[in-house]
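Since the structure of chain A is provided, determine the placement of chain B on it from the hints.
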Amino acid sequence: MLKVNNLKVNYGMIEAIKDVSFEINQGEIIALIGANGAGKTTIMHAISGLIKPVSGSIMLNGQDITKIQAHEIVRKHLIQVPERRRVFASQSVEENLQLGAFTRKDKVEIAKDMEMVYARFPRLKERYKQLAGTLSGGEQQMLAMGRALMSKPEILILDEPSMGLAPLLVAEIFSIIKDINKSGTTVLLVEQNAKMALKIADRAYVLETGNIVVTGTGEELINSDEIKKAYLGG
Amino acid sequence: MKKFKLKKIDNKKKTFLYIFMIVVIYAIVMALTSAGIINRYYNGILITVCINLILVVSLNLTTGYLGQLTLGHAGFMAIGAYAAAYFSKTFMTIPQPFSFIIALLIGGVMAMIAGLIIGVPALRLKGDYLAIITLGFGEVIKTILLSMAIIGGAKGYIGIPRVTTFTSAYVFVIITIVFVCLLIKSRHGRAIISISEDEIASEASGINIVKYKIMAFAFAAFFAGIAGGIYAHYMGIIEPKTFGFNKSIEILVMVVLGGMGSINGAVIATIAITILPEMLRSLSQYRTLMYAVTLIGVMLYKYDPRVQVLMCKAKMFCAKINPFKRKEAK
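Heads up: the sequence lines are chains A and B, in that order.
Mapping the first sequence onto my numbering, position 89 (from 1) lands on 89, and the numbers just tick up by one.
Mapping the second sequence onto my numbering, position 227 (from 1) lands on 227, and the numbers just tick up by one.
Keep in mind that the hints were calculated from the coordinates and are not lab data.
Using N, Cα and C, we set each Cβ at its ideal position, and we do this for glycine too.
Wrong hints could be hidden among the right ones.
What the hints assert, rightly or not - Label-pair distances were calculated between CB atoms; the ranges are:
{"#": "1", "chain 1": "B", "residue 1": "I37", "chain 2": "A", "residue 2": "R84", "range": "52 to 60 Å"}
{"#": "2", "chain 1": "A", "residue 1": "K67", "chain 2": "B", "residue 2": "L310", "range": "38 to 46 Å"}
{"#": "3", "chain 1": "B", "residue 1": "Y129", "chain 2": "A", "residue 2": "L168", "range": "42 to 50 Å"}
{"#": "4", "chain 1": "B", "residue 1": "G153", "chain 2": "A", "residue 2": "K105", "range": "33 to 41 Å"}
{"#": "5", "chain 1": "A", "residue 1": "K52", "chain 2": "B", "residue 2": "G259", "range": "49 to 57 Å"}
{"#": "6", "chain 1": "B", "residue 1": "I19", "chain 2": "A", "residue 2": "Y128", "range": "50 to 58 Å"}
{"#": "7", "chain 1": "B", "residue 1": "G136", "chain 2": "A", "residue 2": "T134", "range": "37 to 45 Å"}
{"#": "8", "chain 1": "A", "residue 1": "L131", "chain 2": "B", "residue 2": "K126", "range": "44 to 52 Å"}
{"#": "9", "chain 1": "A", "residue 1": "N10", "chain 2": "B", "residue 2": "K241", "range": "46 to 54 Å"}
{"#": "10", "chain 1": "A", "residue 1": "L131", "chain 2": "B", "residue 2": "A27", "range": "37 to 45 Å"}
So that you can see chain A by itself, here it is in the shape it has in the complex:
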């Protein structure tokens, strides 16, 4: 479904991503894990069009989207939930969700999806009039995910959904991610919290300073000694 071939991204003189290739099939949860500065977010941004790679290509359903602008990629139902949530703080929960449906015109369908998001995140429904900036971290993460769902994603890219959340909330967020995947959305998950990510992932890629070093199914990786040492802390 999504195929990344020999991706290379530079920040000025610095090579952030050296030569990365991976593939996501329909219906999978793929985890991209790695330590700080491994280049996870850079890959995310390259896929969703926020930065342009030096070379390599990104194919979505057989179509090259490497040179397409970020807001156009959203129309192709490849949606990113950015790192640190980035909700629109001075707008209400409902307005945030409406902005998620910015690319869509059909009001009836949008209203239906709004109900769907509220059903998935009852906490958001309770607070639909509240300003997004006043929500707690976990609620903001839910809002960011709800906003992404409003644009009808076929592939949902989640950048560090566990960042800055309490362990209990992390578990909740991850079970929601699993639910979203079960209802037919392909998920690309970028995580520092390797343990949690590997638990729900079908397959995973481990990234180290701009290169993919290990790949395998979630189960394989969670049990491999290499990963245990490097990322899970022994």
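Just chain B now, with coordinates in the frame of chain A:
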């Protein structure tokens, strides 16, 4: 569902209240003018207030809602002023109200074109860099106008028909405010506000950042051009130096003082700042000093909790005596 219905009625009443206020303010000014209380001096201040209102509300679109600091608004005003004046002087034969309206529109469109030309490269920059490039743009416009002999150069452009009246200026203020309000409440407006909050999240939601930035910038320039046209036809003579950096800053001060991204605030701040120097005339040489001190005071105490409490109380009092208050549904 019920909630939505109530909200709609509320909005209707609000609209009615605004229309009522617009008519009442106009009626009062007209009555006072015919009674002779508003003389030519006061009339001049009122028209200046109107011109500043158009400038401030339009700059609020870029600086307040879009969140991009621009320092060249007077440049767009200058283009509008000169373009409108040039049209009026060249086509003297067209009967009056039409000629004036066409002149203003031409001024607005010319400023808008300039806005597009400067906006496309400038809006790739952010923050201080955008501020500097727009500041430079304002100065470039001023210098070009100074060197063009055909429109008077440094001597100023004279003999522009003085057709601006309070009525015409007032009408354009209302048009500007209504347009900006409608734009902000629309889908496009939501996009503009979102860009000011978070560009990455906006783009991730499918908002075309470049398009909306340029759109807001061009509309702001258009209304600045209209304000320039009104100014030219009020003064009868325009000079490039009027539209310098100081004018841009003056407009920006009003936007910031009124609260960025607030139309009501911008209107109140504009009226206050335009009238203030006139009221301080009795202090003669201390005038500018008092003006500055007042500005600093307002900025310092605007967010003071005590002042906020006072403002809240005032708001509640206004709500209490509001004759259009909707009855609580049971």
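Structure-based check of each hint:
| no. | hint | in the structure |
| --- | --- | --- |
| 1 | I37/B - R84/A: 52 to 60 Å | 59 Å, holds |
| 2 | K67/A - L310/B: 38 to 46 Å | 56 Å, violated |
| 3 | Y129/B - L168/A: 42 to 50 Å | 44 Å, holds |
| 4 | G153/B - K105/A: 33 to 41 Å | 52 Å, violated |
| 5 | K52/A - G259/B: 49 to 57 Å | 38 Å, violated |
| 6 | I19/B - Y128/A: 50 to 58 Å | 31 Å, violated |
| 7 | G136/B - T134/A: 37 to 45 Å | 40 Å, holds |
| 8 | L131/A - K126/B: 44 to 52 Å | 25 Å, violated |
| 9 | N10/A - K241/B: 46 to 54 Å | 48 Å, holds |
| 10 | L131/A - A27/B: 37 to 45 Å | 39 Å, holds |
The structure shown violates the earlier hints numbered 2, 4, 5, 6, 8.
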